[in-house]
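Asker: These are the residues of each chain, in order.
Protein chains: 2
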Amino acid sequence: MNRILYESDERKNGRVYLRDGRAEHIRTVLKAEPGDVLRMGEIDGPLAEGRVVNLDENGVELGITPGECPQRPCLDLLLALPRPKVLKRLLPQISALGVDRLFLTNAARVERYYFDSHVLDPLFLNKALVEGLVQSGDTCLPKVKVLRKLREFFEVDWTDTGCWLLHPGVDQSLLTAPVFRPRQLLAIGPEGGWQAAEVEGFLAAGFEAVHLGKRILRSDTACICALGIAAAKGESYGRS
Amino acid sequence: MNRILYESDERKNGRVYLRDGRAEHIRTVLKAEPGDVLRMGEIDGPLAEGRVVNLDENGVELGITPGECPQRPCLDLLLALPRPKVLKRLLPQISALGVDRLFLTNAARVERYYFDSHVLDPLFLNKALVEGLVQSGDTCLPKVKVLRKLREFFEVDWTDTGCWLLHPGVDQSLLTAPVFRPRQLLAIGPEGGWQAAEVEGFLAAGFEAVHLGKRILRSDTACICALGIAAAKGESYGRS
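So the protein sequences, as listed, match chains L and W. The opening residue of the first sequence carries number 7 in this note's numbering; numbering runs sequentially from there. The opening residue of the second sequence carries number 7 in this note's numbering; numbering runs sequentially from there.
No lab work stands behind these hints: they were computed from the structure.
Since copy identity is lost for identical chains, a pair holds within one copy or between any two.
Here are the simulated lysine-lysine pairs, BS3-like style, with alpha carbons at most 30 Å apart:
no. : residue 1 : residue 2
1   : Lys220    : Lys133
2   : Lys220    : Lys37
3   : Lys37     : Lys91
4   : Lys18     : Lys37
5   : Lys91     : Lys220
6   : Lys133    : Lys91
7   : Lys94     : Lys133
8   : Lys94     : Lys155
9   : Lys94     : Lys220
10  : Lys18     : Lys149
11  : Lys91     : Lys155
12  : Lys133    : Lys149
Build the full structure now, drawing on both the sequences and the hints.
Answerer: This is how it looks when you write it as structure tokens:
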């Protein structure tokens with residue numbers, strides 16, 4: 007566990023009292039003792055140091071010294087809703103790679119029943135996304151919006167956003183595409199890809215189509231590669 | 007199934023006769039009929055077209071017209087052996103992204119029992135890697151070598167190979183590092199990273215350390231991102 011995260015309502019008078027798996031981790035993996043200082047953070051809040059005040063089998067109490075608030079990632083992701091099993095696996099990787107807003111949308115090749123999955127339950131989503139944050143050391147939880155109709159997405163105002171549609175076989179590579187400021191959005195299709203009418207919709211909404219290489223990737227593999235490339239480009243070519 | 011693959015010893019007198027899941031797929035998903043031509047390929051051999059000659063509940067017989075032999079990927083991967091569950095999930099993604107040689111090695115932070123997993127059984131490895139090839143449309147199966155001692159790896163001759171050690175916190179980004187010809191190798195550490203002595207070993211062997219960005223990634227996420235970046239760079243900046 008790279009950073010122990012807590013919700014703002016778990017902090018009272020500068021202290022948090024943990025009783026769940028986090029307390030277990032502090033006791034049995036970190037083998038912390040009173041006085042030890044741990045890397046912590048408040049979800050959607052500042053990084054923090056937590057000094058162990060008390061710890062026993064019931065839980066761990068920590069005194070919190072808040073630090074800097076991390077800047078939110080300047081990358082949004084639209085993902086055609088994957089199979090529940092795939093989404094479950096992908097969520098921690100998405101938050102670890104750093105996404106501000108995550109849109110999970112319908113598409114012609116998305117099965118309707120995917121929307122009935124427990125994975126879309128806000129508590130489940132939250133838990134899976136926090137898992138990735140804990141590991142990456144960030145506190146900025148992606149804001150998730152589930153769109154049962156893809157066209158709702160086109161109603162969002164995308165001014166000031168560089169919008170990239172991942173689509174194999176086009177000329178431009180995501181790798182060499184310019185980095186847009188202040189934010190970028192990647193749209194990743196379902197298994198089998200976007201249909202022609204969907205591609206037209208994205209292009210009409212101002213998206214540019216880019217590829218990830220000549221090989222056809224599974225949509226979850228493509229998602230991780232695309233986020234990795236966009237994040238690395240954002241860092242390497244400087245922030246606005 | 008993007009391309010139906012067969013082993014060279016399944017081809018006899020220009021025909022292959024499939025009886026397993028591939029036949030099932032041809033009949034029930036592709037709903038092929040005699041005379042239809044399917045995208046096929048011979049593992050470690052040419053791409054091919056397969057014309058359906060006969061098909062019934064027992065199997066499918068196809069007449070093979072071989073085409074081009076794909077060039078082998080010019081990317082090797084050294085991966086500190088991940089947990090069996092993670093490796094199982096990662097193997098098809100590795101072959102889909104395109105790897106020539108895959109070295110699965112020990113490291114200080116690799117648990118010994120990982121080496122006893124059924125995932126390392128050659129038949130299991132083969133099946134998982136073929137799954138990724140089928141999906142990506144390639145025929146070049148990664149050649150796997152399991153190294154129970156990391157130092158065996160340093161005994162390999164790496165002349166003519168650009169060797170990159172993925173290691174967070176260093177100055178150079180994989181994204182902006184030069185593309186070496188004719189081949190490159192990426193070394194991805196275990197969960198928790200390489201130990202200092204291991205890093206020294208790699209550097210002494212001529213590796214350069216590169217990072218994937220400021221965020222700490224799980225080793226499987228890092229593996230997919232690094233392969234995706236290296237493959238995209240290899241394509242975008244031309245082959246030698």
